[in-house]
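Participant: One-letter residues, chain by chain:
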Amino acid sequence: MIRLRRTSQRAYAASARLALAGVLVTFAAACGDSDERAIKNQMSAIAESLSVPENDGELGRIARLAVLRNVLAPGIAVSTGASPRPAAEVPPELVGRDAVLALVGRWVPPAGGVTIEFVDMQVTLDATRATAQVYCTARISSGPDERPVVDARELTIGFSRIDGSWLIASVRPEDTLVR
Amino acid sequence: MSLLTPIVGRNPRATLLRISFTIGLAVVVFGWILVPLRLSGISMLPTYEDGALNFANRAAYWTHEPVRGDVVAIRLAGPHAFYVKRIVGMPGERVEIVTGTVTVNGEVLIEPTVLRRAAWNMAPVDLAPGEFFVVGDNRSMKIENHDLGRVSRRRIVGKLLF
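Just so you know, the protein sequences line up as chains A and B, in that order. Read in order, the letters of the first sequence are residues 103 to 281 in our numbering. Read in order, the letters of the second sequence are residues 57 to 218 in our numbering.
Keep in mind that the hints were calculated from the coordinates and are not lab data. Beta carbons: idealized from backbone N, C-alpha and C, even for Gly. Take the hints with a grain of salt, since some may be wrong.
Computed footprint of chain B on chain A; a stretch qualifies when at least three of its residues, placed anywhere within it, have a C-beta under 8 Å from a C-beta of chain B [what the hints assert, rightly or not]:
hint: 1; stretch: 217 to 231
hint: 2; stretch: 237 to 244
hint: 3; stretch: 252 to 258
Pair by pair, the computed Cβ-Cβ distance ranges are [claimed, not checked]:
hint: 4; chain 1: B; residue 1: LEU81; chain 2: A; residue 2: GLN224; range: 28 to 38 Å
hint: 5; chain 1: B; residue 1: ASN161; chain 2: A; residue 2: VAL280; range: 13 to 23 Å
hint: 6; chain 1: A; residue 1: VAL280; chain 2: B; residue 2: ALA174; range: 14 to 24 Å
hint: 7; chain 1: B; residue 1: VAL84; chain 2: A; residue 2: SER117; range: 13 to 23 Å
hint: 8; chain 1: A; residue 1: GLU160; chain 2: B; residue 2: ASP182; range: 49 to 59 Å
hint: 9; chain 1: A; residue 1: LEU161; chain 2: B; residue 2: VAL154; range: 48 to 58 Å
hint: 10; chain 1: B; residue 1: PHE218; chain 2: A; residue 2: GLY177; range: 47 to 57 Å
hint: 11; chain 1: B; residue 1: THR78; chain 2: A; residue 2: PRO176; range: 50 to 60 Å
hint: 12; chain 1: A; residue 1: GLY159; chain 2: B; residue 2: ILE75; range: 49 to 59 Å
hint: 13; chain 1: B; residue 1: THR71; chain 2: A; residue 2: GLY266; range: 46 to 56 Å
hint: 14; chain 1: B; residue 1: ASN177; chain 2: A; residue 2: ASN172; range: 41 to 51 Å
hint: 15; chain 1: B; residue 1: THR119; chain 2: A; residue 2: SER136; range: 42 to 52 Å
hint: 16; chain 1: A; residue 1: GLY198; chain 2: B; residue 2: LEU81; range: 51 to 61 Å
hint: 17; chain 1: A; residue 1: SER267; chain 2: B; residue 2: THR71; range: 45 to 55 Å
If the Cβ cut is set under 7 Å, some of the chain A residues that face chain B in the computed set are [unchecked claim]:
hint: 18; residue: VAL169
hint: 19; residue: THR278
hint: 20; residue: VAL280
hint: 21; residue: ARG281
Extracted from the complex, chain A is given alone in its bound form (with noise of 0.2 Å):
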């Protein structure tokens, strides 16, 4: 009876000190590398002024269009995925913040507002680590009530660490279906 008890008692110890190791490693997952952290906040922030709400009016227009600027490098290049026509309203690739802020300053989001969200995001940074690129699905909803997913891209981002930020540096879609 006795042997026992110190066997359970033991099985507990180990399983309590189990526990322990699997919250620390949930914990240091969690808090993962700092550069990671740094990219994965910078994608919110991307994708918070990206997203357009019901009724947004003119002065939301320009707090989202000043917090994408401080996002994007001064060269950044976007692919855009647009086949190349002449005078086409969305050029194949941008070149440069202005170009793309001038782009995402004329569009015209649907009525009911627009939600933007990056998902599955994968962080890779190179060895030097002044650069990195994620890969991710940008998910897009519209729509008043439960906002259903209208669109989903896959993306390639490149940021690059310029002046001790990171900024998004490139753009590029994936061809999930390639026709």
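Use these hints to put chain B onto chain A, whose structure you have.
Facilitator: Below, chain B alone, put in the same frame as chain A:
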């Protein structure tokens, strides 16, 4: 008989084990075998309505490869967003769309699930080994607004359960 007895039963350890087993089973089933998904959009109308709930059954392709006509979930960057499309072309085949009609290796594909067709045209596409051609059932929209094309086998997560 304590106040907790109706909740935990006469044998709390057995109750705890049963609860743990049920939770573990749910995690395994809905995490790895039947992936829950909510369809958004109109590209699979009329087969699947916008907002319909379904599951991607990973087990469907444990014993055999996807076949023509299967409606499959296609992975994007990770497990939180999928495309749902129907397989019309198999590896090694040539797929073409001529005025809304899909042809496979030059033969017209009979598609009873497609009720309305716009006059889509797409140049012939040769599928490599391990590549499938997928398209939605709603062909009434412009082809530019519809996601269709080749997809590699590794992106196909599973077959829709119902």
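Participant: Would you mind marking each hint as holding or not holding in the structure?
Facilitator: Each hint, compared with the structure:
1. Remark: the stretch 217 to 231 of chain A is confirmed as covered by chain B, as 4 of its residues place a Cβ nearer than 8 Å to a Cβ of that chain, reaching the required three.
2. Check on the stretch 237 to 244 of chain A: 5 of its residues sit with their Cβ under 8 Å from a Cβ of chain B, so the three-residue criterion for coverage holds.
3. A count of 6 residues in the stretch 252 to 258 of chain A with a Cβ less than 8 Å from any Cβ of chain B is obtained; the coverage claim is therefore met, three being the minimum.
4. The given range of 28 to 38 Å is respected by LEU81(B) and GLN224(A), whose C-beta atoms sit roughly 29 Å from each other.
5. A hinted range of 13 to 23 Å holds for the C-beta pair ASN161(B) and VAL280(A), which are about 19 Å apart.
6. Taken as a hint, the range 14 to 24 Å holds for the pair VAL280(A) and ALA174(B), whose Cβ atoms sit roughly 21 Å apart.
7. A hinted range of 13 to 23 Å holds for the C-beta pair VAL84(B) and SER117(A), which are about 21 Å apart.
8. Hint check: GLU160(A) to ASP182(B), Cβ distance near 51 Å, so the stated range 49 to 59 Å holds.
9. As the Cβ distance of LEU161(A) to VAL154(B) is approximately 52 Å, the hint placing it in 48 to 58 Å holds.
10. Against the hinted window of 47 to 57 Å, the Cβ-Cβ separation of PHE218(B) and GLY177(A) comes to about 50 Å, which satisfies the hint.
11. Take THR78(B) and PRO176(A): their Cβ atoms lie about 55 Å apart, and the range 50 to 60 Å holds.
12. A beta carbon spacing of about 51 Å between GLY159(A) and ILE75(B) agrees with the range 49 to 59 Å that was offered as a hint.
13. Distance hint for THR71(B) and GLY266(A): a CB-CB separation of about 55 Å, consistent with the stated range 46 to 56 Å.
14. Between ASN177(B) and ASN172(A), the C-beta spacing of about 45 Å keeps the proposed range 41 to 51 Å intact.
15. The hinted range of 42 to 52 Å is satisfied by THR119(B) and SER136(A), whose Cβ atoms lie roughly 46 Å apart.
16. At about 54 Å, the CB distance of GLY198(A) to LEU81(B) agrees with the hint of 51 to 61 Å.
17. Between SER267(A) and THR71(B) the Cβ separation comes to about 53 Å, which falls inside the hinted range of 45 to 55 Å.
18. Annotation: interface hint on VAL169(A) violated; nearest CB of chain B at approximately 24 Å, more than 7 Å.
19. Using the Cβ-Cβ criterion of 7 Å, the hint placing THR278(A) at the interface with chain B is satisfied: the shortest such distance is roughly 6 Å.
20. The interface hint given for VAL280(A) is met, as the beta carbon of that residue sits about 5 Å from the closest beta carbon of chain B, less than 7 Å.
21. Taking 7 Å as the C-beta contact cut-off toward chain B, the hint placing ARG281(A) at the interface holds, the least distance being around 4 Å.
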